[in-house]
Amino acid sequence: MFAKVPKRGINIIFVASMIGMGNYSYIPIAYAESIVTVQENQSENTLSKLEIEGFKLDYDFTTDVKEYSTTVENETKEIHLLVESGNPEASISINDTSIKSGVASTFSLQTGENKFLITVSDGTHQQNTYTLTVTRKQNGNNLLQKLQLSTGKLSPSFSSEIYEYNMGIADDVPSLTIKPIAAETTSTIQVNGTSPKEGSVSVDLPIGKSIITIVVTAENGEKKTYTINVARGNSANSQTTIPTQNNRTNTFQPTMSQQGNTTITAQKVSKATLSSLTVNNGTWDSAFSTDEFTYHVSVGNDVDYISLSPTARYSSSTILIEGGTSKTIKLDDDNKTVISIVVTYSDDDRKTYVLVIDRKE
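Using the working numbering, the first residue of the sequence shown is number 329, and each one after it goes up by one.
In short, the hints are calculated from the structure, not lab data.
Note that CB positions come from ideal geometry on N, CA and C, so glycine has one too.
Do not rely on the hints blindly, as some may be mistaken.
What the hints assert, rightly or not - Per label pair, the in silico range of CB-to-CB distance: (1) 425 / 549: 56 to 62 Å; (2) 432 / 631: 49 to 55 Å; (3) 658 / 372: 50 to 56 Å; (4) 414 / 437: 26 to 32 Å.
What the hints assert, rightly or not - With a cut-off of at most 20 Å between alpha-carbon atoms, the simulated EDC-like pairs for lysine to aspartate or glutamate come out as follows: (5) 507 / 532; (6) 465 / 386; (7) 465 / 403.
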């Protein structure tokens, strides 16, 4: 701010002339004023410095610019923020917490946007507020840390960086309990389209070959699919037998025929099956069959979405595609997308069909 200060000067003009002896004339003293401009020493509520240690702001700091931002990786859980004011009388607060000018303060970061309101005030003049927005990226870790099974052994042994496994199951084991543990607590997991309850999922195993898919979705939406190829054996121990005349319980026991030692058995027939399954795009590796549960479908590399049309053999069955009812699925960014179709007829009658969508390179 500027003020006008008067300054008085003396200008003397003297003219004397000699005409003859002793004659002269005199012009009296005249005064004139000049204006000198000076700057007042007024305090201003501004910052002279705004820095995040180790990170660069979107704009170089200047006193007159009041908004700044920056983005940090998810691994950055805190920042060291240094602010300073040229006004020694001013106090500085960040999000209503007083801090010391010229000394770095530590602040924790949440995932997403973190706003810091930096207020400078000396209690006399109008205060100024600067806004700093720090965006912490979402977690991109979509790996499993552990994979626990109720029975059986994976081949190869589990590793976070190995995404496909094989395992054999005895024919008298009708289901497998799986407990997948994500590397990050911010990730979500689905096993054959079902979210684990209390950390684990029970998967029914049909006789023969089946596929179990474990999809890990990171906080930022990126997915990773682990696949287990299961081979379950087939013998009389896995069959449901006809009860004897004296057996009135729900437990089926083998019945010996009167003609000899041949055990008369009857295979339990599941009603949780599909009568048809089609997709709007792609070439199948084999024709659909009700009793076949795994298929590969080849699509072009420009295909981003695929639509499915599953039809249950029994109308009272329910169908879930990837755990939901939407029939249109977005394909993963990599060259393989595993889609689960779960058919449920009753609480103890459920089957899973698996489509592996292979995108051509």
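Do the hints match the structure? See the list:
| no. | hint | result |
| --- | --- | --- |
| 1 | 425 / 549: 56 to 62 Å | 34 Å, violated |
| 2 | 432 / 631: 49 to 55 Å | 52 Å, holds |
| 3 | 658 / 372: 50 to 56 Å | 54 Å, holds |
| 4 | 414 / 437: 26 to 32 Å | 28 Å, holds |
| 5 | 507 / 532 | 14 Å, holds |
| 6 | 465 / 386 | 16 Å, holds |
| 7 | 465 / 403 | 8 Å, holds |
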